[in-house]
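Q: Chain residues, written in single-letter form:
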Amino acid sequence: MLEIKNLHAGFDGTEILKGISLSINKGETHAVMGPNGSGKSTLAKILSGHPSYQVTSGEVLFDGKNLLEMEAEDRSIAGIFMGFQYPVEVPGVNNAEFLRMAYNARKVKAGEEEVDPLDFDDLLSEKMKTLGMENKYKERNLNDGFSGGEKKKNEILQMAILEPKLSILDETDSGLDIDALRVVSEGVNKLSNENNSLILITHYQRLLDYIKPDFVHVLSKGKIVKSGDKSLALELESQGYDWVTTEN
Amino acid sequence: MSDTLVETSAESAFLDLHKKLSSSEGSALAKLRGVALNQFELLRFPHSKHEMFTYLNTKGLAETAFSLADAPATVSQDFVASHIYPGCENQYLVFVDGVFNENLSQVEGLSVSLMPLSKAIKDSKLNAYLSETAKNENDAFAALSTAFCSEGLVCKVDDNTQVSGTLQVLFVSTGKESGPVMHAPRLIWQLGKLSEVKVIEKFVGIEGGYFINAVQDWLLAEGAGVTFTQVQADPFDSWHFSKTRIHLNRNSRFASTNASSGTQLARHHYDVRLKEEGAELRLNGVSVLDGKEQVHNFIRIHHEAPQCTSHQHFKNIINGQARSSFDGTVIVNQGAQLTSSNQLINNLMLSNDCHADNKPNLMIFADDVKCTHGATIGQIDENQWFYLQTRGLSAKIAKELLTRSFAKSIIQTIEFPEVINELNGTLLKKLEARNV
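Residue numbers (my numbering), protein chains in the order written: chain A, 13 to 260; chain B, 2 to 437.
Bound conformation, chain A alone:
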């Protein structure tokens, strides 16, 4: 589904990713872990098409297409979802209305008819029920005044509505208390199936207690220095990042 080949990228002339290669197949969950400043979030931003980050060399294919040539909105419509570490507050934009616009953007691109507000409300209610979310999320403005946990839940709601093929969750666990972490993780698990894939970017192992990865990659100084199964995360937890960064 996603093929990253020797990706070099950076920000403002500084190279941050120094040759990343990663292959993600349908139905797989990959955890990308690493110390602060290792390039985890840069990888997420590059994949989602952030204009401030530049790719200097390498290739990223999504379903066989060159992802790097696509605009952010086209990546989203093609099936990539980016769950932000710090979801942006957008005052004045109603959450339900925004979700309908995002949902309909896909419909329009697919040559299908747009869904009207009433029908969309049924869909939204159903998804919110599945995720155990209260109705207040519909009425409020997009992330405006939301707590950290509410913002992350709202990201998962967007993921549920947009039904992406590949979700990249950037430090979804950061700033969450244990209850919020459980709710968010349960939501992610409910949405996972054999047809979609997940990249979990995280600093801490605790997220992986709730969302079980098939593969764990350790990123250090812009390179993947170790890959393994979920036991790697446990080992990292007990030995610290120094264990892999000094070993390599």
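These are calculated hints, taken from the structure and not from any lab test. From a predicted model like this one, the values you see are computed outputs, not experimental measurements. In this text, a Cβ means the ideal position worked out from N, Cα and C, and glycines have one as well. Treat each hint with caution, since some may be false.
Derived CB-CB ranges, DEER-like [what the hints assert, rightly or not]: (1) A:187 / B:381: 25 to 31 angstroms; (2) B:61 / A:133: 50 to 56 angstroms; (3) B:292 / A:160: 41 to 47 angstroms; (4) B:418 / A:133: 16 to 22 angstroms; (5) A:133 / B:381: 27 to 33 angstroms.
Chain A is fixed; fit chain B onto it per the hints.
A: Leaving out everything else, chain B in the frame of chain A:
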């Protein structure tokens, strides 16, 4: 006094024009016009550094050779109907080229008594008020408006009367192919004790090239309440100036929202006096400007009594080479303790060539008050823009959504859904058309 002044040709032209104004000499209204003309001669057209006109250039307007409408213009009922908001069909007042037109208006059963200014001015109290304000006028254009007011309308709501539904006032300017014409509509609202009225005013033009120079007075007695919405929708090639005086007595409330689409030069001047305890003012405004459109707000709020509240929030969306300005001062007089006042101006700049000036100002002469003021100028937030795009919205749609959301907090304060719908459909549409 006037003969000690050296007049410019522009001022002389207006003085000559005034001589053509037909009037019954000696009438109270003619006297009022005379007082206003003297005041205009004293004030003269503002020079470029005049403190009340710091951010706009009135030279082109002052130097335009205006004429006065010779005869009442005809406007079709259909045109009027197309600008009457749903819900106001049974009660509306129409002004054509600055003059009240009863035939085009719908006033049957209206619980507001209407009287021509020439008749109402015979009331000594009103006469004294008008003479006093004309003598003390500090705005040359408002003085000019009174000097050229051929007739005005006094709208009176009796004590304890709640006007049912919403009353619309439509100002239609026909525009003239023969050259620029100045209109000087004058409206005076007198609200009795504990009376209530909801008013929507809309300014439209059939053709451009005119100068609408409106003055209105809102005089609220104890406990009166007004919900006021103004929609300025004149064509670009017109000039729109207005002065709105608001006098608030004990426990009266005035809530106003102005939505402006701008013209080649539009200026709104508000002069508010919170005269007695417990008075409340809310003054909001939103302008959506593109091309070379301009809207300038000049506001003076005088807290003259304790325990009064004033809230101002203005937002401008500025694109192309458009310009906006806000020059607002809240003056808290000595003794106006426990005043609560805030003033905020937000500007969203969508192009490199647009221009916004802001001067929020506070003058406080009391020591137990709560006052805030501030202004922001910004562009589309790149992070918000990117966030929306990652959800599949195109760059254009995402920008539109952010632009709309910026204006939304003001537009939503309008009590009338029909006006909100219209503003969403027209004001903001023009930004979409320009591929904002």
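Q: Evaluate each hint against the coordinates.
A: Hint check:
no.: 1; hint: A:187 / B:381: 25 to 31 angstroms; in the structure: holds (26 angstroms)
no.: 2; hint: B:61 / A:133: 50 to 56 angstroms; in the structure: holds (52 angstroms)
no.: 3; hint: B:292 / A:160: 41 to 47 angstroms; in the structure: holds (43 angstroms)
no.: 4; hint: B:418 / A:133: 16 to 22 angstroms; in the structure: holds (20 angstroms)
no.: 5; hint: A:133 / B:381: 27 to 33 angstroms; in the structure: holds (29 angstroms)
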